[in-house]
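One line per chain: the protein sequences are A and B, in this order.
Each residue of the first sequence is one higher than the one before, starting from 1 at the first, in UniProt numbering.
Each residue of the second sequence is one higher than the one before, starting from 1 at the first, in UniProt numbering.
Hint data in this document are derived by calculation from the structure and do not stem from the laboratory.
Among the hints, erroneous ones may be present.
Claimed, not checked - Keeping only pairs whose Cα atoms sit at most 20 angstroms apart, straight-line, the calculated SDA-like set for lysine to any residue is:
| # | chain 1 | residue 1 | chain 2 | residue 2 |
| --- | --- | --- | --- | --- |
| 1 | B | Lys-26 | A | Lys-365 |
| 2 | A | Lys-365 | B | Leu-38 |
| 3 | A | Lys-384 | B | Lys-57 |
| 4 | B | Lys-66 | A | Ala-385 |
| 5 | A | Lys-444 | B | Asn-27 |
Claimed, not checked - Footprint (simulated), chain A over chain B, 3 or more residues, beta carbon under 8 angstroms:
| # | segment |
| --- | --- |
| 6 | 11-23 |
| 7 | 31-44 |
Stated by the list, open to error - Simulated restraints, written as ranges between beta carbons of each label pair:
| # | chain 1 | residue 1 | chain 2 | residue 2 | range |
| --- | --- | --- | --- | --- | --- |
| 8 | A | Lys-444 | B | Lys-57 | 42 to 50 angstroms |
| 9 | A | Gly-413 | B | Ser-54 | 29 to 37 angstroms |
| 10 | B | Ser-23 | A | Phe-439 | 22 to 30 angstroms |
Keep in mind that this is a model prediction, so the values were computed, not measured.
Glycine included, C-beta positions come from ideal geometry on N, C-alpha and C.
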Amino acid sequence: MSTSTPNARARRSPFGTATPSGDTTLTGLQRLASHTRYPLTPSRLVTATTPGTQRSASRYTPRARGVGAPATPYGLRARQQRAANTPGRDRRRSGRMQRETTFDILRNLGRALAPVSKPIRSSPQEKPEPIEEPVDEFERLDNEPEIERPRLSLPIQESEEEGEEASPEMRPPRMSLAFAEEDMDITYQSVEYPRDTSIRDRDRLSMMSRATGRISGDFDETRLESDGGDGTGIVGEDDEAEDTMMSGGDFDRGGETEDLGRFHFDLNFPSPAAPPLEDPTGGDMNDMEDFELSTAQLPQAPSDDDDVGGDFGLGLEFPPAASPSESPGIVGGGLRDEAIPAQGKQKKMSRHGIPVPNLPAGVVKKLATRFARSGAGSKAKINKATLAAIEQASSWYFEQASQDLAAYSKHAGRKTIDESDVVTLLKRQRHVNNSTTVFSLAQKHLPKELQQDMRLAMPP
Amino acid sequence: MAVQKLYPRGTVKRIVKAHSNRSVSKNADILIFLDYILFMQELMREASIRSRKSGEKNISANTVRKVTEVRCLRSI
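Taking the hints into account, I'd like the entire structure generated from these sequences.
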């Protein structure tokens with residue numbers, strides 16, 4: 001029956017919460033307290049909003065109001081004293097009990113008889129609810145991306161992890177070690193480091209694979225190393241990651257031939273070749289002759305010795321089983337295999353298909369001993385294996401330097417590699433700087449005849 | 001520096017030619033060889049440092065390979 005309209009109730013609700021004292025001091029008179037919580041008609045609400053003593057006064061019913069309001073300062077003081085002496089609100093409440101009017105009674109009755117009032121109060125809330133719902137939807141929409149973020153981040157993390165696992169390009173530990181160990185000029189290394197990694201990796205790939213091919217040239221060593229399982233050989237040094245990298249690199253530059261390292265890759269592809277091979281050669285396989293034959297012609301034969309190779313072959317037996325049968329002698333059956341024997345021998349092929357001569361070992365050894373002596377003391381002996389490693393390194397050096405020089409000359413729009421290109425390369429390597437000129441370097445390292453030729457070619 | 005025999009200029013030229021697929025001007029190979037000398041100097045220096053660190057007396061093939069590998073990463 002409540003006299004107030006639902007709207008008024010809704011408006012009043014904040015007021016009710018604003019005076020928590022009424023709630024906290026509830027005693028046995030809960031019902032009354034619940035009533036006193038909203039004792040006002042909407043018209044009285046205006047006065048109710050005023051703070052202070054008026055609020056307490058506003059709780060009185062219209063009749064009681066005249067009585068309760070202190071007319072004189074004496075009355076006010078008396079009230080204050082009474083409030084001080086007694087726990088005021090209880091007192092007041094008890095007083096109100098007595099003062100309960102018909103209005104209050106009626107309201108109590110209405111509360112008891114019409115519990116509907118609360119649903120009524122909620123009904124206006126329901127109407128706003130549909131209005132609020134879109135807001136909720138918006139909030140949900142806003143929340144949704146937050147939910148999606150982890151989804152996005154998860155695959156990224158996974159891919160990162162996979163990348164770390166899969167890509168052998170990233171080798172921070174080694175780099176940091178190298179940097180840490182070199183107490184010399186770090187800038188010299190670090191400046192040149194951020195070159196195009198792809199090119200560098202590719203080159204390194206070719207180097208590594210070529211190295212494998214190289215080592216496989218002398219079969220005894222590879223045999224021993226593979227059997228012994230020690231990582232002395234370059235092949236052995238390369239981790240498994242490196243192997244995968246090599247195979248991956250092969251995908252990229254399919255045009256290039258050579259390098260036995262590729263046979264790892266070949267295993268993946270024409271691996272069916274392996275099983276038929278095993279059958280005919282299986283008995284002889286352990287012999288060195290067979291091994292040599294295989295390395296000379298077929299890249300597969302070494303694979304037979306490796307457990308890994310055998311596994312690959314078994315795995316992919318079926319599909320192209322016919323193709324291997326056609327060529328038991330030359331198994332890989334591709335252009336690569338033709339190039340591989342050429343590389344196995346002394347003559348290597350550059351990426352442009354031009355045979356690359358080797359620098360005579362005597363020159364390399366002389367240089368090496370010269371600098372090794374200056375570094376390691378009076379006597380520096382360089383044995384064969386070391387010399388081979390140095391030769392390998394110098395061949396890599398020439399490959400890299402030639403490509404850089406070609407890039408420089410191409411950038412300059414020339415068809416020939418000029419002296420200026422080499423000077424640029426020297427500058428990039430920080431061999432030539434403000435304090436060091438090409439001529440001083442030449443004077444230090446080159447014989448006089450060469451210096452003269454160089455000076456002729458390069459007007460200062 | 002010690003008197004040094006001339007290096008095989010033709011060979012160096014051919015190596016660079018083969019790798020770069022470009023012709024090399026008349027005296028550029030001298031500079032290239034000079035660069036190679038510097039490379040060898042650094043290679044041997046690093047190899048000797050590393051071998052000394054690991055306690056070897058002579059430079060072994062392994063140390064050279066390790067140094068070389070680092071160099072490869074660094075792109076010479």
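So, going through the hints one by one against the coordinates:
1. B:Lys-26 <-> A:Lys-365: It is violated: about 26 angstroms lies between the C-alpha atoms, which goes past 20 angstroms.
2. A:Lys-365 <-> B:Leu-38: holds, 15 angstroms
3. A:Lys-384 <-> B:Lys-57: holds, 16 angstroms
4. B:Lys-66 <-> A:Ala-385: Satisfied, since the Cα-Cα distance of roughly 13 angstroms is no more than 20 angstroms.
5. A:Lys-444 <-> B:Asn-27: holds, 18 angstroms
6. 11-23: With 12 residues close enough to chain A, the hint holds.
7. 31-44: holds (count 13)
8. A:Lys-444 <-> B:Lys-57: 42 to 50 angstroms: violated, 28 angstroms
9. A:Gly-413 <-> B:Ser-54: 29 to 37 angstroms: violated, 48 angstroms
10. B:Ser-23 <-> A:Phe-439: 22 to 30 angstroms: Given about 25 angstroms between the Cβ atoms, the range holds.
Hint compliance for this structure: hints 1, 8, 9 are not met, and every other hint is.
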